[in-house]
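Order-wise, the sequence lines are chains A and B.
Quick note on numbering: the UniProt record's numbering labels position 17 of the first sequence as 17, and the sequence is numbered without any gaps.
Quick note on numbering: the UniProt record's numbering labels position 30 of the second sequence as 30, and the sequence is numbered without any gaps.
Warning: the hint list may mix true and false statements.
Identical copies go unnamed one by one, so any copy, or any two together, can satisfy a pair.
[As the list claims (entries may be wrong)] Below, simulated BS3-like cross-link-like pairs (lysine-lysine); rule was C-alpha separation at most 25 angstroms, straight line:
| # | residue 1 | residue 2 |
| --- | --- | --- |
| 1 | Lys33 | Lys437 |
| 2 | Lys25 | Lys132 |
| 3 | Lys133 | Lys115 |
| 4 | Lys185 | Lys363 |
| 5 | Lys284 | Lys351 |
| 6 | Lys402 | Lys140 |
| 7 | Lys363 | Lys54 |
| 8 | Lys246 | Lys439 |
| 9 | Lys51 | Lys203 |
| 10 | Lys311 | Lys284 |
| 11 | Lys68 | Lys351 |
| 12 | Lys351 | Lys108 |
| 13 | Lys355 | Lys51 |
| 14 | Lys108 | Lys133 |
| 15 | Lys437 | Lys142 |
Derived from the structure by calculation, the hints contain no laboratory data.
Number of protein chains: 2
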Amino acid sequence: MRIVVIGSGTAGSNFALFARKLDRKAEIIVIGKEKTMQYSPCALPFVLSGKIPKLENIIVFPNEFYEKQKIQMMLDTEAKEIDRERKVVITDKGEVPYDKLILATGSKAFVPPIKGVESEGVFTLKTMEDVKKIQAYLEKRKPRKAVVIGAGLIGLEGAVAFRELGLEVLVVELLEHLLPTMLDKDIASIVQSHLEERGIEFKFGVAVSEILGNPVRAVKIGEEEIEADLVLVATGVRANVDLAQKAGLEVNRGIVVDEYLRTSDPDIYAIGDCAEVFDAVTGKRTLSQLGTTAVRMAKVAAENVFGKGVKFRPVFNTAITELFDLEIGTFGITQERASKEGIDVVVGKFKGSTKPEYYPGGKPIIVKLIFRKEDRRVIGAQIVGGERVWGRIMALSFAAQKGATVEDIAYGETAYAPPISPTIDPITVAAEMALRKFK
Amino acid sequence: MRIVVIGSGTAGSNFALFARKLDRKAEIIVIGKEKTMQYSPCALPFVLSGKIPKLENIIVFPNEFYEKQKIQMMLDTEAKEIDRERKVVITDKGEVPYDKLILATGSKAFVPPIKGVESEGVFTLKTMEDVKKIQAYLEKRKPRKAVVIGAGLIGLEGAVAFRELGLEVLVVELLEHLLPTMLDKDIASIVQSHLEERGIEFKFGVAVSEILGNPVRAVKIGEEEIEADLVLVATGVRANVDLAQKAGLEVNRGIVVDEYLRTSDPDIYAIGDCAEVFDAVTGKRTLSQLGTTAVRMAKVAAENVFGKGVKFRPVFNTAITELFDLEIGTFGITQERASKEGIDVVVGKFKGSTKPEYYPGGKPIIVKLIFRKEDRRVIGAQIVGGERVWGRIMALSFAAQKGATVEDIAYGETAYAPPISPTIDPITVAAEMALRKFK
């Protein structure tokens with residue numbers, strides 16, 4: 001069998017490795033635009049801040065590693081077209097026939113059509129190339145004032161990196177609060193205060209209408225001109241669907257796949273940022289676009305190419321980040337989004353400490369849990385705190401993935417030791433708060 | 001209603017507080033031998049090491065707090081007998097009538113009948129009084145060499161505390177490895193190496209036959225005399241069941257209760273260390289004797305006293321500790337125990353890092369997962385590592401509590417961010433290892 005993968009990012013590279021594990025003989029060919037196989041795009045802000053010393057570090061494996069696994073790489077190569085009838089991929093370096101084709105074309109940074117967005121000093125933060133450009137600019141121009149457009153995950157991680165490098169930072173967000181798809185306003189405002197205390201400023205509900213100067217010297221918001229000698233555009237990503245669309249595959253915001261990750265052509269699969277998955281809460285198709293989702297889709301698609309018939313499970317989009325010394329963890333639906341979707345919810349919220357009161361060094365932690373009224377299941381969580389947020393979001397997410405109800409959390413067993421966590425965990429109390437409202 | 005609680009420890013005190021939350025008017029009377037309400041016995045080793053600055057800190061609430069909640073306290077009082085016919089508790093300070101009685105009599109340190117065990121310098125580590133005595137002895141005698149009998153949780157936490165205070169420490173364990181009920185030998189040996197590197201010595205498969213000197217100057221193991229000027233006896237605890245037994249209640253190793261935590265007398269409940277619960281893996285009655293279990297039993301018993309009919313769920317004994325800079329988390333059954341119980345298991349084990357390779361500061365972590373062959377469910381986990389063990393054991397335990405299978409873990413969503421965790425989590429890989437053996 002000849003398996004061709006278009007895309008050498010997280011999804012494509014992991015697919016190739018999983019497929020090789022499952023079959024030693026299959027021909028596996030990866031066509032990639034970049035010169036290397038996968039690197040970790042989530043790591044880019046941490047390269048920028050200097051926490052990861054070298055950009056090259058984030059390349060997960062060197063090309064030789066894939067060669068040893070007998071994965072053929074056609075790097076620096078662009079797939080131009082898919083001829084589904086002849087089962088060939090047409091690239092700028094010739095035709096590549098396939099038995100099974102995997103689309104792992106990823107996503108690209110979305111850049112809104114703001115006047116001046118092409119000027120020197122305006123960047124996105126999606127690829128290694130982006131980081132190289134920013135680093136060269138930092139070196140050359142020594143900017144002092146950064147404006148970040150967009151208060152999503154990448155925007156905030158970028159803002160923190162710039163702040164850690166000593167720049168003044170203003171974040172501008174069109175919506176009403178930061179991390180608008182991950183957090184509700186009450187929780188977002190806690191994160192906001194934390195970032196403001198460390199010198200990051202915010203403007204919400206407004207848009208940058210123009211970027212002035214080349215190199216950039218200011219941004220325009222309404223009538224106001226705000227000084228800026230570096231602009232980061234972090235207004236989300238768009239799935240790369242052109243190739244799929246041209247090939248006549250069913251495409252929505254992402255490439256449409258069934259639960260086995262097959263596109264409308266049974267010999268073509270789509271995985272990673274370019275493909276839609278099912279949302280575990282709403283049941284609707286959605287773009288997950290998390291690294292973990294890409295890897296998990298790669299695994300399932302590899303199994304299905306070899307006929308295992310594994311269903312890709314709907315996603316909760318469990319996510320975590322660290323901004324300065326605050327951990328932020330979420331999964332599932334926010335209260336705001338639930339209201340838009342017409343889902344009745346019961347919420348439990350509790351502010352506690354990460355350690356027992358008597359143990360020195362405990363840090364504040366806020367837990368917000370969202371339960372569906374109809375079936376009492378936990379369908380969302382937002383946790384913000386100074387430590388051990390990750391463990392709590394992991395626990396709640398695993399519980400949610402198994403359909404846990406408010407009772408399951410409120411009466412659930414937690415692990416306690418004085419240096420680590422309180423006897424009655426904040427997640428337990430938050431669930432108890434919700435449970436009382438159910439009764 | 002007049003509710004009488006015997007025992008002012010974790011279970012008794014929490015019961016009183018939960019009961020008060022449920023009913024503002026009920027008479028709630030706590031009879032306790034000690035002079036305070038609950039303190040945290042798990043915190044005692046950390047008081048000893050000095051990590052918790054003052055012994056008094058570990059008293060969870062002052063007596064005034066309970067007074068404000070209108071909880072009547074008969075402290076410094078011993079319950080002598082229960083007259084079930086007249087529904088009265090007979091104490092050394094008079095009779096106390098009850099409508100519902102809660103036995104929260106706790107457990108006591110088990111001291112094996114070793115010759116010399118009564119000598120000066122030989123201690124247990126179960127109560128605040130124990131810590132006071134040890135601290136006075138440390139002050140007065142300035143011991144240099146401690147022998148700890150028993151390599152369970154308290155033994156090891158005590159050993160670490162003594163080591164941190166600068167003593168030489170030898171731990172003697174009758175069984176073949178440390179934490180014998182929580183870990184298998186392969187995982188225990190990792191913990192052992194960690195402790196040995198920090199100067200704690202071990203002897204396994206041997207017993208102390210005699211304690212020599214008064215004050216103690218040595219212990220005898222076989223023919224060998226080993227110098228020791230402090231001995232900690234940490235050979236487990238025994239449920240306090242005398243009162244229940246005298247009252248004619250059904251008693252096994254602990255007081256027998258049904259799933260509503262009622263004893264064989266429907267007006268008497270038993271909670272905490274003195275009562276047996278159901279083991280989630282074997283289905284058998286067991287003594288859990290964890291602080292978290294005590295609190296959870298207290299909550300359920302309080303609800304049931306007021307007729308809510310809540311079942312206490314079988315326990316996985318999810319537990320965590322920190323020994324120097326190693327976190328150790330477990331739940332469920334070990335492979336060794338499963339073999340004794342005749343349960344066929346499939347094991348997945350993986351050694352990885354707590355962070356992605358490219359991110360500085362990752363620490364080794366070892367995950368061992370135990371699945372039941374019959375239904376593919378996760379029934380045990382042992383994790384040892386330099387950080388973020390707690391989160392993984394919490395996640396796996398919550399999954400296990402919802403009946404998660406090997407597929408649920410292997411295909412489960414985890415939360416990833418470069419400074420926090422790898423894209424493919426060690427628990428995912430461990431589950432994949434097991435899954436391959438299933439197939």
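When the hints from earlier in the document are held up against this structure, which numbers fail? The structure breaks hints 1, 2, 5, 6, 8, 9, 12, 15; every other hint is satisfied.
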